[in-house]
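Whole structure, please, built from the sequences with the hints as guidance.
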Amino acid sequence: MTPSAVSKLKAPFAMAVATLGIFLSAPAFARAPEIYTSPFSKVAVGGYDPVAYFADKRPVKGDARYATTWKGTEFRFASPQNLAKFKAAPANYAPQYGGYCAWAVSNGYTAKGDPLAWKVVAGKLYLNYDLGVQKRWEADIPGNISRADGNWPRVLK
78 MTPSAVSKLK APFAMAVATL GIFLSAPAFA RAPEIYTSPF SKVAVGGYDP VAYFADKRPV
138 KGDARYATTW KGTEFRFASP QNLAKFKAAP ANYAPQYGGY CAWAVSNGYT AKGDPLAWKV
198 VAGKLYLNYD LGVQKRWEAD IPGNISRADG NWPRVLK
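Mapped onto the numbering used here, the consecutive letters of the sequence shown carry residue numbers 78 to 234.
Treat the hints with caution; some may be incorrect.
What the hints assert, rightly or not - Capping the alpha-carbon separation at 27 Å, the derived lysine-lysine pairs in DSS-like fashion look like this: (1) Lys212 with Lys134; (2) Lys212 with Lys138; (3) Lys212 with Lys162; (4) Lys164 with Lys148; (5) Lys138 with Lys164; (6) Lys134 with Lys234; (7) Lys138 with Lys201; (8) Lys189 with Lys164; (9) Lys201 with Lys119; (10) Lys148 with Lys201; (11) Lys196 with Lys212; (12) Lys134 with Lys164; (13) Lys119 with Lys138; (14) Lys148 with Lys234; (15) Lys196 with Lys164; (16) Lys212 with Lys201; (17) Lys234 with Lys196; (18) Lys148 with Lys162; (19) Lys234 with Lys119.
As the list claims (entries may be wrong) - Listed next, with one range per pair, are the computed distances between beta-carbon atoms: (20) Ala107 with Glu215: 16 to 24 Å; (21) Lys234 with Arg135: 19 to 27 Å; (22) Thr146 with Pro230: 27 to 35 Å; (23) Gln158 with Asp217: 31 to 39 Å.
It is worth saying that the hints were derived from the structure and are not from the lab. Ideal Cβ positions, reconstructed from N, Cα and C, are used throughout, including at glycine.
Listed below in structure tokens is the structure:
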């Protein structure tokens, strides 16, 4: 192979490597969405009905027939009544910190929130990463909420 042929091959290869580097590093600079959804999903709270945590005092799977979009994210509900309650006052039912793990936010970062690791405190819904993390969060609920409130929404950056 001649030197000019090698040179012609190097340029496209170098461009491809540089482009790949830009795409791989872009998420490091991207802002996390305001409301947590699992990868490749636009459904909040893992598809659970956020109103049910208050009305039924337990997680209840939502139904795609009873859905609405709030802040660019789909929320699902177990009944048309729960959907109507949410539409009337979404901030009263949506999980705090966009459904991210409350313990993580209190520590200055984000992590997924698990709809089965939940607690309603003073009329607000909090999710945690899992039941083990929730136990750590519950060791100082007022302190963790206070720290998380101070970190939110700055942790999304």
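List of violated hint numbers, smallest to largest:
3, 6, 20, 21 and 22
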